[in-house]
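Spelled out, the chains give:
2 protein chains.
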Amino acid sequence: MLNSKALHYGTVRNKIRELFEIGRQKKEIFGPENVYDFTLGNPSVAPPKEVSEAFLEVLQTMPSLEVHGYTTAYGNPSARAAIAGVFTERFGGDFTADDFYLTCGATAALRSFLSAFISEPGLEVMVIAPYFAEYSCFIDSCGGKMVVVPPDKKALQIDLDAFEERISGKTCAVIVNTPNNPSGVIYTEETLRGMAAILEKKSAEYGHPIYVISDEPYREIVYDGKKVPFIPHIYRNTVICYSYSKCLSLPGERIGYMFVPKWADDAKNVLAAAAGAARMAGYVCAPSILQQVIERCAGVLPDIRPYEENRKLLYESLKGMGYDCIYPDGAFYLFVKAPGGDDEAFCEKALDLNILVVPGVGFGAPGYMRISYCVDYAMIRRALPGFEKLIKGYK
Amino acid sequence: MLNSKALHYGTVRNKIRELFEIGRQKKEIFGPENVYDFTLGNPSVAPPKEVSEAFLEVLQTMPSLEVHGYTTAYGNPSARAAIAGVFTERFGGDFTADDFYLTCGATAALRSFLSAFISEPGLEVMVIAPYFAEYSCFIDSCGGKMVVVPPDKKALQIDLDAFEERISGKTCAVIVNTPNNPSGVIYTEETLRGMAAILEKKSAEYGHPIYVISDEPYREIVYDGKKVPFIPHIYRNTVICYSYSKCLSLPGERIGYMFVPKWADDAKNVLAAAAGAARMAGYVCAPSILQQVIERCAGVLPDIRPYEENRKLLYESLKGMGYDCIYPDGAFYLFVKAPGGDDEAFCEKALDLNILVVPGVGFGAPGYMRISYCVDYAMIRRALPGFEKLIKGYK
Chain Y
1 MLNSKALHYG TVRNKIRELF EIGRQKKEIF GPENVYDFTL GNPSVAPPKE
51 VSEAFLEVLQ TMPSLEVHGY TTAYGNPSAR AAIAGVFTER FGGDFTADDF
101 YLTCGATAAL RSFLSAFISE PGLEVMVIAP YFAEYSCFID SCGGKMVVVP
151 PDKKALQIDL DAFEERISGK TCAVIVNTPN NPSGVIYTEE TLRGMAAILE
201 KKSAEYGHPI YVISDEPYRE IVYDGKKVPF IPHIYRNTVI CYSYSKCLSL
251 PGERIGYMFV PKWADDAKNV LAAAAGAARM AGYVCAPSIL QQVIERCAGV
301 LPDIRPYEEN RKLLYESLKG MGYDCIYPDG AFYLFVKAPG GDDEAFCEKA
351 LDLNILVVPG VGFGAPGYMR ISYCVDYAMI RRALPGFEKL IKGYK
Chain X
1 MLNSKALHYG TVRNKIRELF EIGRQKKEIF GPENVYDFTL GNPSVAPPKE
51 VSEAFLEVLQ TMPSLEVHGY TTAYGNPSAR AAIAGVFTER FGGDFTADDF
101 YLTCGATAAL RSFLSAFISE PGLEVMVIAP YFAEYSCFID SCGGKMVVVP
151 PDKKALQIDL DAFEERISGK TCAVIVNTPN NPSGVIYTEE TLRGMAAILE
201 KKSAEYGHPI YVISDEPYRE IVYDGKKVPF IPHIYRNTVI CYSYSKCLSL
251 PGERIGYMFV PKWADDAKNV LAAAAGAARM AGYVCAPSIL QQVIERCAGV
301 LPDIRPYEEN RKLLYESLKG MGYDCIYPDG AFYLFVKAPG GDDEAFCEKA
351 LDLNILVVPG VGFGAPGYMR ISYCVDYAMI RRALPGFEKL IKGYK
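Read top to bottom, the protein sequences are chains Y and X.
Residue numbering for the first sequence follows my numbering, starting at 1 and increasing by one per position.
Residue numbering for the second sequence follows my numbering, starting at 1 and increasing by one per position.
For the record, the hints were derived by calculation from the structure and aren't laboratory data.
Keep in mind the model is a prediction, meaning the values are calculated, not measured.
It is possible that some hints are incorrect.
The list treats identical chains as interchangeable, and a pair is accepted whether it falls inside one copy or across any two copies.
What the hints assert, rightly or not - Dumping the calculated DSSO-like pairs for lysine-lysine here, alpha-carbon to alpha-carbon at most 30 Å:
| no. | residue 1 | residue 2 |
| --- | --- | --- |
| 1 | K153 | K170 |
| 2 | K145 | K262 |
| 3 | K5 | K262 |
| 4 | K154 | K227 |
| 5 | K15 | K262 |
| 6 | K268 | K26 |
| 7 | K5 | K268 |
| 8 | K5 | K202 |
| 9 | K5 | K145 |
| 10 | K268 | K27 |
| 11 | K5 | K201 |
| 12 | K15 | K268 |
| 13 | K392 | K26 |
With the hints as extra help, turn the sequences into a complete structure.
And the structure:
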């Protein structure tokens with residue numbers, strides 16, 4: 001007599017959480033210094049000092065009823081105005097508080113947009129492999145059907161022919177995630193313009209807009225001065241999900257937002273429907289003290305140097321050993337071809353050496369594995385002999 | 001091409017929020033001291049000092065990555081163990097961390113339980129009038145059908161005959177809210193035993209458990225030493241939604257929990273299905289800093305004296321003027337019969353005098369109105385001449 005879908009998602013753990021649990025058990029047996037856990041996307045760099053200062057300022061100077069009281073469902077106008085200001089400065093345009101709705105992280109935002117766009121059961125949402133595994137749960141929960149665009153194996157951009165082929169009259173939205181989890185790739189402006197042209201053509205053909213949901217929690221984690229194109233300027237029917245989890249190292253606090261540009265088709269109703277979806281899911285407002293912190297830190301950038309050092313060490317070492325992977329421009333993941341081609345078999349072998357990495361199959365990209373490098377530099381060093389031993393076994 | 005239900009809930013404001021907005025506009029026109037807003041259930045008593053101290057202790061002594069990092073979906077075991085300890089002490093029994101799942105407030109908890117119990121479209125969830133208006137949105141969002149038990153007009157307990165009549169083979173759950181919003185009434189042990197006997201009989205008759213979802217955000221806001229019966233000890237298939245919003249004056253922070261007693265039918269799967277429902281709705285974990293605060297303040301009780309003084313002043317003054325209402329034992333609402341019998345007409349007239357109260361019709365109890373007394377004592381005093389003028393108009 002229980003909801004079978006809910007029971008399924010409540011009992012079948014996602015692979016990453018499962019591996020993380022195995023890692024915890026292994027640490028108890030072998031000692032934490034002998035287990036090399038590369039599974040989680042939990043930032044390893046402490047929140048910027050502005051964040052800690054903002055927490056204390058808010059707690060020590062504001063009336064506590066105001067700090068902790070209900071806010072409107074959309075969030076405090078002053079916090080949303082601060083975010084709009086950052087948008088105006090960084091992306092150019094005339095953004096206002098009304099374009100934003102504060103959420104409990106990017107997942108709440110993404111799930112609310114999906115619920116708004118999936119107006120009837122069976123509508124299709126496209127995802128581009130490799131993609132964040134949890135998308136399937138959110139699409140399923142809204143009654144939608146996930147359509148996977150297979151990976152472009154050359155550069156992990158978007159295979160535009162495969163993309164176009166999979167659009168149908170039932171396609172209501174496409175999830176785009178750049179910088180990408182799990183590949184670290186930034187989609188180029190050329191890729192995105194190609195995608196936009198296809199979507200415009202197909203929207204006209206089918207007589208309804210196909211929305212892009214841009215999931216951008218890694219927008220500020222980019223290296224070598226690379227730029228992440230602002231997709232709403234390339235394709236007008238783009239909405240954005242954002243989280244401060246990665247940028248400000250606040251993943252447990254659940255603070256992010258939904259953004260709908262004024263120029264999108266039916267913009268006002270899109271944000272209203274997403275707000276209604278959030279209300280229906282039991283969201284009341286984003287955590288109020290976090291709204292105050294974000295108001296003060298909306299423009300703060302992360303210190304990505306530790307991630308940069310990790311990236312360099314891990315990439316150069318693995319390449320030197322003969323591993324095949326793309327040098328990532330953003331996020332904190334390396335997406336590596338599994339020696340031998342079987343990612344699950346490789347990850348099992350790695351587990352025997354107490355190295356935990358995530359098979360690509362869950363990201364829609366079998367044959368690859370994800371290595372999170374938001375970890376301690378010294379742990380990477382300690383794990384390198386194990387990686388070397390593993391690839392030697394395939395030679 | 002947008003989800004019509006989501007658009008509906010995103011554009012049609014609930015009455016309380018709408019009145020609150022009117023109040024804001026009136027304050028701008030007439031000055032805040034001349035507007036008497038009794039609409040919101042926003043605590044007016046500051047959080048206990050233990051809460052403020054806990055925030056500072058956590059921020060100043062714990063590593064920030066630990067404070068703000070992801071927790072497991074169920075929440076930190078140590079926070080859940082602290083809550084289990086409070087349960088053991090207050091209610092007697094052998095409670096453990098595993099019985100609890102931390103949520104973003106009681107609404108997230110309630111909505112997750114509903115999603116777990118409504119295993120197919122059209123299943124029925126009973127609510128007992130007067131009831132919290134937002135229940136209808138959550139039941140609707142899970143595809144359920146809300147069945148209303150009309151108010152027991154004598155004492156606003158549960159009309160057990162009407163209750164029994166409305167149970168069908170499709171009934172999967174009953175929402176019980178005591179101390180009650182909007183009436184302030186605590187259901188007596190006698191009432192609850194009567195309800196339990198009916199539910200046991202009907203569960204046996206239909207061959208499946210009917211669960212009680214006990215929504216208890218006001219459990220600690222009770223007066224005159226009154227006790228709130230612990231429903232899982234009266235009816236074994238009772239799950240609990242709790243929020244620290246009212247008790248610790250943290251409504252904007254979204255922290256609460258789900259509780260399933262070990263002795264409930266299929267207990268383990270009930271909590272797992274509710275956890276799965278939360279995952280499907282985009283919840284990742286309850287805000288992590290709030291988990292730390294609750295770990296330190298799980299047993300802290302609120303200072304209810306200001307509410308007690310407000311209750312006395314408002315109740316005695318209105319009774320003296322000739323208003324008819326039940327003296328509330330808990331929460332911070334007075335549920336008053338609208339003079340003339342038409343609650344909406346009365347509330348409109350009150351609005352002309354800048355007095356904002358909520359019509360009972362939205363709570364399933366037309367003919368009544370809700371007056372929130374979690375407000376400034378002086379505001380109540382200033383509003384009394386208006387209340388007097390209003391009732392005189394009906395004499």
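Here is what the structure says about each hint:
no.	hint	in the structure
1	K153 <-> K170	within (27 Å within a copy, 51 Å between copies)
2	K145 <-> K262	within (28 Å within a copy, 36 Å between copies)
3	K5 <-> K262	between (36 Å within a copy, 22 Å between copies)
4	K154 <-> K227	within (21 Å within a copy, 68 Å between copies)
5	K15 <-> K262	between (38 Å within a copy, 28 Å between copies)
6	K268 <-> K26	between (51 Å within a copy, 26 Å between copies)
7	K5 <-> K268	between (32 Å within a copy, 16 Å between copies)
8	K5 <-> K202	between (33 Å within a copy, 26 Å between copies)
9	K5 <-> K145	both (14 Å within a copy, 19 Å between copies)
10	K268 <-> K27	between (51 Å within a copy, 28 Å between copies)
11	K5 <-> K201	between (36 Å within a copy, 29 Å between copies)
12	K15 <-> K268	between (38 Å within a copy, 21 Å between copies)
13	K392 <-> K26	within (24 Å within a copy, 76 Å between copies)
Of the numbered hints given earlier, the model fails none.
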